[in-house]
Amino acid sequence: MKNINPDDYYKERIARLSSTISRLKKKALLLSWLRLFSFLGAVLLTWLLRESGAGWAVAGFITGMIFFFYFVNRDLDNKAMIENLSRLLQICRDERLALDHQFHHFPDGTNYLPALHPYAADLDLFGKASLFQYINRTKSEQAGLLLAGWLLEPASATEIMSRQKAAAELASKPEWNQQLQSCGAAKAITIAAEKNIGDWLHEPGRLLHDKAWILLRFLFPAASISSLAFYIAGTISPSQFLTLATGFLAIALVITKKLMPAWVRLGKISEELESLSASIRHIESQEFNDELMKQHKASFSSGNKKASEKIKTLKKIMDRLDYRLNPVVFIPLSIFFCWDLQQVFALENWKEENKEGIRHWFESLAVIEALSALGTLSFNHPHWVFPVIETSTLFDGKELGHPLIPEKKRVNNSFRTAGDGVINLVTGSNMAGKSTFLRSCGINIVLAMAGAPVCAASLRLSPLKVMSSMRVSDNLEESTSTFYAELKKLKAIIAAVNRRENVFLLLDEILRGTNSGDRHTGSKALIRQLIAQQATGIVASHDLELAKLETDYPGQLINYHFDVRIANEELYFDYTLKEGVCQSMNASLLMKKIGIRI
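Read left to right, the sequence shown gives residues 20 to 617 (this note's numbering).
Just so you know, the hints here were simulated from the structure itself, not pulled from any lab data.
Predicted model only: the values in this text are computed from it and were never measured.
Just so you know, not all the hints are guaranteed correct.
As the list claims (entries may be wrong) - BS3-like, lysine-lysine: derived pairs with alpha carbons at most 25 Å apart: (1) Lys230 x Lys277; (2) Lys313 x Lys374; (3) Lys45 x Lys98; (4) Lys313 x Lys325; (5) Lys374 x Lys206; (6) Lys44 x Lys98; (7) Lys313 x Lys184.
Unchecked claim - Restraint ranges, calculated between C-beta atoms of paired labels, are given here: (8) Thr39 x Ser304: 16 to 26 Å; (9) Asn92 x Leu116: 35 to 45 Å; (10) Phe88 x Trp66: 12 to 22 Å; (11) Leu116 x Ala476: 24 to 34 Å.
Ideal placement from N, C-alpha and C gives every residue a C-beta, glycine not left out.
Work the whole structure out from these sequences, hints included.
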């Protein structure tokens, strides 16, 4: 699929889906007329055959109603197809917008942003116009939480390569990914729904092993149906039958009240069960070559029946419990079968058979949804690559870019650092691209450690955990100043370095909250300490004096810069990383432009 232009693909897919939906809507209109005519036909046949005898009239009515219900079912199927295709159409339209970097309609994952995290806030992982919002295509809450977790916590080398292979296979199945999204979008599966089912599964079964309830389950319908038989046979009078029926109904309602909790707990998630069943059925129907996908698909196949069929069975039981909402149906069913008792027995049988498997179903669906999101990311960006994971300390990126900057505006840079104890100092003027470069490196490391493709022509790196100090603000709630907030971040970084953790540091304008003298002294001391402790990373600074440390640490402190060209008091940036120390600064010119007399 690498040769396919994603925009052309989505454009063509939108056209095909729109055409099919238009055709099905015409079919829906035809089916509505056929429904009406078949019902009127049933009435007309009954009237025309009334003089031929009651049997003929009933036969005519039944024949007409058979056609009526046939067209009703066809119409329901047609509506379901229209709803599914409409969701697919919206998915493709959203993807076209996302290709143009209009992706604010996707969930931004603000709720996943931890209060304290080594890099999440600095790298814009969550929130408006964030990395999560850009790559997330999951529909269930569980999958969204899992994908967020992948961005927040680096995986092992084995996990990374395993996810890469799965995502690469799914990148070749764009329509399968879209259908998975459509199944989940019908009714998003929530963590609360999973908890409801989990709580119910862990409740002890009250009926299955209770002889009294088992006896009642069979005796009740036997007694009530016998009373009906006696009434039809004329053995008991209408008033006696009515008294018995009222008694049976009263007993059934008392039993219903005792059994209410199971229905209330599960009744809230009936629609989510339908989405769960549809999503799993979609996965079950697809053959995969990748081992990780095979492994998670296999979790849906334990036992004689597929997981989707088992969930569908549970949904049917829940639907039968909903008959209570229709008194015309519920009252006779309660009188003759003690309906709710029969359904709760069915629920407990289902629980007994499936309580071990259902937790794995939710887990596997979440993993597959998250992998599908990575596959979609790869499909949408055919020029992005899956990074190569190395064992020795290394970061070697060719044409590395910031994924959240549109391709037409983005300037890519190549950068390599190898070995422990190497600090790369990036100097440069304001707005020249230092912070964006740091974020480009950081975000691509995060994507790589999640098993996702990266915005680069190539990337080789060892398993790394980013630690950053870039965006620091005060905290009124904790009475913390900006300077102290940064010191807390640096303390955590120093502790991680001292523990010899495999971290990659991104430090932007460190110690900015203090005077220039202390800032220079502190920055210099910190860089010396980081080199001594074998730390690796990038430090961005305006302080050109720090570049002189290269003389003390040849091969361990390496200077890079972004510069600016000034012509006719105008600034021109090329945003290109260059070796050496920056020679041009622009702060004075910028201050002049806003009216400060220098």
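Is 35 to 45 Å right for how far apart the beta carbons of Asn92 and Leu116 are? Roughly 37 Å apart at Cβ, these two residues keep to the hinted range, so it holds.
Check whether the Cα positions of Lys374 and Lys206 lie no farther apart than 25 Å. holds (23 Å)
Using the C-beta atoms of Phe88 and Trp66, is the stated range 12 to 22 Å upheld? The hint (12 to 22 Å, Cβ to Cβ) holds, given that Phe88 and Trp66 are roughly 20 Å apart.
Given the hint that Lys44 pairs with Lys98, does the C-alpha gap stay at or below 25 Å? holds (8 Å)
For the pair we were handed, Lys313 and Lys184, check the Cα-Cα distance against 25 Å. Roughly 12 Å separates the two Cα atoms, so the pair holds.
What's the verdict on Lys313 and Lys374, does the C-alpha distance respect the 25 Å limit or exceed it? holds (22 Å)
Could you say whether the range 24 to 34 Å given as a hint is met by the Cβ separation of Leu116 and Ala476? holds (26 Å)
Cβ-Cβ distance between Thr39 and Ser304: within 16 to 26 Å? holds (20 Å)
Straight-line alpha-carbon gap Lys313 to Lys325, limit 25 Å: With Cα atoms ~15 Å apart, Lys313 and Lys325 stay inside 25 Å; holds.
Hinted pair, alpha-carbon criterion (25 Å max): Lys230, Lys277. Please report holds or violated. holds (17 Å)
Is the Cα-Cα distance between Lys45 and Lys98 25 Å or less? Between Lys45 and Lys98 the Cα gap is close to 11 Å, so the pair holds against 25 Å.
Violated hints for the displayed structure: none, as all numbered hints are satisfied.
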